[in-house]
Each structure stands twice: as structure tokens, then as C-alpha cells.
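Undergrad: With the hints as your guide, set chain E onto chain W.
As you go down the protein sequences, you meet chains W and E in turn.
Its first residue numbered 1, the first sequence is counted upward by one per residue in the numbering used here.
Its first residue numbered 1, the second sequence is counted upward by one per residue in the numbering used here.
Treat the hints as calculated values from the structure; they're not laboratory data.
Note that this is a predicted model, so its numbers are computed, not measured.
Ideal Cβ placement from N, Cα and C applies to all residues, glycine included.
A hint or two may mislead.
Unchecked claim - For the chain W half of the interface with chain E, some residues (derived, Cβ under 10 Å), not all of them:
(1) A260
(2) N280
(3) G287
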Amino acid sequence: MTVSRIDREDSGYPALLREIFDPPDHLYVDGRLPDGPMIAIVGSRRATPYGTRTARRLARELSARGVIVVSGLARGVDAAAHRGALEGPTPTVAVLATGLDEIYPPEHAGLAREIAVAGAVVTEAEPGTPPLPSRFPHRNRIISGMSLGVIVVEAAERSGALITARMAMEANRDVFCVPGSIENPVAFGPHQLIKDGAKLLQTVEDVLEEFPALVAPCPPTRVASRKRSGGSCGPVDPDLAAVWELLDWVEPRHHDELAAILNLDVKEVSRRLTLLELGNYIIGDCGAVTRRPQN
Amino acid sequence: MAKMLARALCGAVFGLEGVRVDVEANIAEGLPGFHIVGLGDRALQEARERVKIAINNSGFEFPGRKVTVNLAPAQLPKLGSGFDLAMAAAIVSAAMERSLPQDAAWLGELALDGRVRPVRGVLAITAHLERLGARRFFIPRANLPEARLATRLGVVPVSHLSELIDHWKDGAPLPEGGSAAQAEPGTQPEPVDLAEVCGQPHARRALEIAAAGGHHLLMMGPPGAGKTLLARALPGLLPPLTVEEALEVTTIASCLGMLPPGAGLMRTPPFRSPHHSISPAGLVGGGGSVPLAGEVTRAHRGILFLDEFAEFRRDALEALRQPLEEGRLAVARARGHAVLPGRFILVAAANPCACGFAGDPARVCECTPLARARYRDRISGPIRDRIDLQVRVLRQPAGELLGETGYGEPSRVVRERVQQARVHQQARRAHGPLNGSLTGPMLRRDAPLPAAARDLLENAAERLRLSGRAIHRVLRVARTIADLEGAASLELSHVAEALQYRESG
Chain W
1 MTVSRIDRED SGYPALLREI FDPPDHLYVD GRLPDGPMIA IVGSRRATPY GTRTARRLAR
61 ELSARGVIVV SGLARGVDAA AHRGALEGPT PTVAVLATGL DEIYPPEHAG LAREIAVAGA
121 VVTEAEPGTP PLPSRFPHRN RIISGMSLGV IVVEAAERSG ALITARMAME ANRDVFCVPG
181 SIENPVAFGP HQLIKDGAKL LQTVEDVLEE FPALVAPCPP TRVASRKRSG GSCGPVDPDL
241 AAVWELLDWV EPRHHDELAA ILNLDVKEVS RRLTLLELGN YIIGDCGAVT RRPQN
Chain E
1 MAKMLARALC GAVFGLEGVR VDVEANIAEG LPGFHIVGLG DRALQEARER VKIAINNSGF
61 EFPGRKVTVN LAPAQLPKLG SGFDLAMAAA IVSAAMERSL PQDAAWLGEL ALDGRVRPVR
121 GVLAITAHLE RLGARRFFIP RANLPEARLA TRLGVVPVSH LSELIDHWKD GAPLPEGGSA
181 AQAEPGTQPE PVDLAEVCGQ PHARRALEIA AAGGHHLLMM GPPGAGKTLL ARALPGLLPP
241 LTVEEALEVT TIASCLGMLP PGAGLMRTPP FRSPHHSISP AGLVGGGGSV PLAGEVTRAH
301 RGILFLDEFA EFRRDALEAL RQPLEEGRLA VARARGHAVL PGRFILVAAA NPCACGFAGD
361 PARVCECTPL ARARYRDRIS GPIRDRIDLQ VRVLRQPAGE LLGETGYGEP SRVVRERVQQ
421 ARVHQQARRA HGPLNGSLTG PMLRRDAPLP AAARDLLENA AERLRLSGRA IHRVLRVART
481 IADLEGAASL ELSHVAEALQ YRESG
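Chain W extracted, bound-state conformation:
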């Protein structure tokens, strides 16, 4: 571990962070704090598969466009965001509430090492600081303070992710929210923020168009390929399309339900689901079938 300490006066100290009203005096950094536009992705620790999938995809796409993804290394959305960013070319930054030698949650120690290879794991806490509940809001102000904007993927009422979003608004940063189902309790937070004036986010373009000067232009080939795949086109084969039409992007369906609705033998449903799966149209998780988002 190559730990360094950056004081507020040092040139390596993140410029945006200096602007908030109570910036930390110093930061401990494992790895090298990258220089460039940063966007935070935060959300629930108990995210749905839709939430983690979305966070990962957004992070990967931001990374592909040269944006540094900042998050908190927590379970759920945070970890998915870091993982997505690691799949792209730009480094990612994880901000901890604990000391650098007390990675929390412990199962993310490996993820933290991966992040520190090209990016940085950052904290204001002294070495040896354990995961105290009171420290997490302090951590959240650093996440939003370093970033141009904050993307909230899924957040329950009164959650840490909402605190981060409020802090971002107070620091005059942009807040973007990924909408969810109105039946989903962890979609409550983002929906509330949208009502309060946060920007509804559907694609990374919704974020990038707010910062035209800072971000590298979109590679043309990617745009073309996205256009071609069309996003929501189902299979051509009418048998497969009949099954695909019944599937949802978020709520899983079971073989039994599909067989009942289509009035088909369940073995025929199984056959069609395999073909849909191999055609990359669906995600079939042992009886919990959803559409696969095209990207």
C-alpha cells in the first residue's frame, strides 16, 4: 500500500472539494488521486438487480467517456459503480469513512486494491478508525464535494445516498436520479429528489450534456452501434417474440407464469427461453427471467 497524505494547501488536493463549506484538512490516499472531471454514483446497499446493473452500466459508460467515477465502496450500488468503472479506461475513486487499514465492508478489500492500482482509495479518517455510524455522513460530504454531480441510483427514505444528494445540492452541484418502479421501496429516494428538481437520468448523455466543456467527445463508433441495436427491439421470430413481449425489464417472471399466460406446455416455454437467452435478449436466472437491457 502506497499511502500518501494531501493537505488542503497542497496542489494535489481536489479543487472542487476546497469549495465546500467544511472541507477536510487533509486526505489520506492509497494509490494516486487522478485529476479530471468526477461524477459520483451513490445508492442503496440493498439494491435490486436492476439497481446494481444500472449503476455498473452507467459507471462503465462514464469511464469510457473519460469521467472519473466516485463512490463509497459500500455494498450494492457503490460496489457496482466501482466495478463498472474498472471495466472502462478511466480510474475510479473510493471514499471511505474508515481508516485505510480498516476497509469496510471487509469483503470489498479486494475491490479496494483493484481501485488503488490506477485510481485511489481516499479517506479523511486517521489510520485505525473503525466503521462508526457517525462518520458516514462526513464521508458523504467528501463524495459529493469532489464531484461535479451526483447520480442517485436507488435510495430508501432517510438513507445515506439521500444525504449525499442533499449535500450535493447544498454545495450547488447537479443531482441526477435514475427512476425506478413506484412499487419499489428503494426507488422512493430518487423519485423524491426528482420531485424536488433533480434531473431524471435515462442515459449517460443526460449527465454529460450538463458539462459540455469537460468531457471527451463521444467515440462515434459507439453512437452508431447504439443506434443500430435500437435499445428495445425484441427478437424477430414470432414464437420467441411472444415470450419476450411478456417479460419485464425489472420484475422477474417464472416459467410457470409464462406457460399459464401463453397457454403453452412448460417444456416449450423452456425451449424458447433458452433460445432467447442465447440470443442475448433475456437474463434467465433459474426461474427468474427478465429482459436483458441492450447496451
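TA: Frame of chain W; chain E shown alone:
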């Protein structure tokens, strides 16, 4: 003084096999006493009192001299009470200064009043002693149907020691063996009929495939989804045991003392459902100084149902690997080793997570991702690897349960298809394994893939990152699906369906 030594042929069970035991009685001048030598356990030492009092209560006076009984071979550990009758016969003959016929065998436990009680393992012991040359079998009357399964030779059912003593004293006629009616034992709980299961077409289909090809099955679903009901329907889908299989099953039941008195050949496959607190030795066998059979052996040729699969002790589940792989279990103990049979269909049922609601559309799972991963990992990869069929079972809506529609075919209809599929399997391998036990090289011969099906499987292996073992699982299941349709070679549709029973990613 005349020679006062007599020998009676007897037998015991070791593992699940009969072994010969010779019982010798010697009566000598000396202080009155009764000694048993020859590595007997506690029950055998207590036989002294039983035998002595039973003889006295059967119209004969126990000799008031020094009586020594030896059980040979001396190095074999001898358990239980099955030697009582042989000891009494040897002692009485020695006292009467006559010898017993060399080709007669004696089995039975004595009650204090002289009645003869049934013992374990009569089937295995009788069959073994017949091979060694025994021609007449004196056995407890309650064990008659069992002994009749083992031998066509003379069987004398004894209900009371006095019957033998009267015969020796006065030439009274011995009881008639007759030809025993083969009573069907009613030990198995009646299987649930599939017609009672509401909905669940996916799981029903998996049950049918499991029954047809002898595949192991894992059902995942929230509490109350009907996993147990489905498992209890499986016995009703299996064809009755062949005579050969029934003999194996009956022998095991007899050796383990599970055969009810008066029971004959067991024609229905056993169904065992041990509780999840069972020890490894209880599950697969083991025991102290001598090998003892466990639930795996009791489930031989039938079904081993493990409910709350993830709650079983880790070491118990790991111990299942050998029987799952080989259909038998080698148990080595200080006093010898035994190979115990254990070819069964494993039906495992588990909640998807500790609270049971992960993946349930109607309820929120309260587990953290780490807790969910830990729960999942309780069923280790090597065990999952050996389970061909994995399905998710959903809770049925109340409207469906109360309605009249939604209830499927009865077991009888499915069983006919299963039987047909078994016929196809036997046509390929007359006495060989069912599809569920086919190995890689066997699959290459039995499950040839036409080009289209092969392309599909290759595509799936790449996209879904299937391991070599996973591909074999898909092929085994596809082979059974084809057999259920009576198709000779695998079609694309068979492979496509089989891919839906793999584990969740």
C-alpha cells in the same frame, strides 16, 4: 463320561452381508456356571440370563454344571441377540448327549418364557448360509416370509423353544414351514398424487425427468411454496422395483431391522427424509468399531429427500459426494470394512436465502448480499455439480389453490411415460446405469448430437460459461428428455429445454 459337546450353525450380519458363526457348547464337571467366549457385545453377555431362563421355562432343566459357549470365528465382533436360539440348541443337545444335524442353521432371540422373537438380517444370513451348504433353517416364525425369499430349502418357523425340546425328547413333529404368502409391507407412507399438486408445471416437469432418468434434483423456493409436497409425489412416479432390486432393498431393511415382522419382498422404492440435524455417520453410514449403514443405504433404489438442504451440517453434505458419484459407500472401521450400497435419487429442497424470500416477487428479502452469498455457499460447488436438475419453485397464489383448474395430471399418467423412458434406457444399457449416472465417455456413445443441437450447446457453453461438468449435466438431462419422447437421438429442442434446469448464475 460321554462327550458333552455340541455345535450349532448360526450367522450374523456384518455391514450388510451375512457371515457364518459357529456356536459350540461344552458341558463339563466343575462349579456350576455359564460362560460365553468369542468377542460378544453387551447384548450377547446378557444372553446368558435369557438362554438359561428360557431353557428352564421350556420343559428342560438347564445343566447344573460348567457350561461354556464359544462363538467362532472369535475375531469377528458379534452384535445382538440372534445367537440365542443356536446357543440353546447347542446347550440342550450337549446335555442330552446328542449332536445336531450339521446342515441345520439356527437363528432367533429368546424371550424369558421360551418364545422365539424375530431378529435382523434373516434374509442375508439365510442366503449366505445356503451358499455355504446349510439345508435346513430354524428361524423365528415372524421372519418366515423373509427366509422364504432367500431359500427354497427347508425352513422351520419356530415360535417357542419348547417345540424343539419336545421334538428332541419325544419326537414331536416340528412346525410346518409351508410356502409363505408374500405379504406386502405397508411401511412406506402413501406417496402424494401429482393430481393434488396445484400448478408448478416447471417443477412437475423436473420431477418427471428426475424419475425417468434417475437424476438428482434441487428445488429452491420460499417457505410454503410446495417443495415438500412435490418431493413426496416422486415415489409415485417411479416404476415398481424389479425382483433383483426388491431383494437388495429387502435385504437392507432386514439387516437394519426396518422390516416389519411378517413382511415379505418390498416392491416399492424406499423414501427417506432425515432431519437436517443428522450427523455425517447417520447420513452416509459409519458407526463405531464396526461399519453401520446410514440413510443413504436405507434410501438405496429409492429416494433420499433432504429438506432444508442448506441447513444440513457441512461435513454431512460433503460426505454425500462418494455415494452421489459411485452409488455406494466404502466404510472402513477398526474391526473391518464394508461396502454399503447407496444408489438413490437425491431430492433436495432449500430456501434461496436465510429469510427465504430472495427472488420472491411479493416479499422483500431482508438478507444482506453477503448473508445471501454465505447461505448459498453452504451447498458447496462439488455437491451442486452432482445435481443435474435445479428449479425454482414459486408460491402459488391463493386463488389458484382454491380454484378447480390448475391441477395437473395424476401420477399414474406420468408414471407410464417414466416407464417408457426407462425401457428406452434399458434398450441401450441392459443392466447399466440410468441416464442420471452416465459418465462422459458413456454420454458420447448414448447421446450423439446432430449438428444443430451441437451448435446450440457450444453457443450456450460459451455464452453461459458452462464448465465441462455442466455440459455433461445438460447432456444427461437432454438424453432423458429425448427418452421421454421416445426419440433416438438428441434434438435441438431437447438440449434447449435441458438448459433451463441448470443452476442460477
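Undergrad: State for each hint whether it applies.
TA: How the hints compare with the structure:
{"no.": "1", "hint": "A260", "result": "8 Å, holds"}
{"no.": "2", "hint": "N280", "result": "7 Å, holds"}
{"no.": "3", "hint": "G287", "result": "3 Å, holds"}
Comparing the model with each earlier hint shows no violations; every hint is respected.
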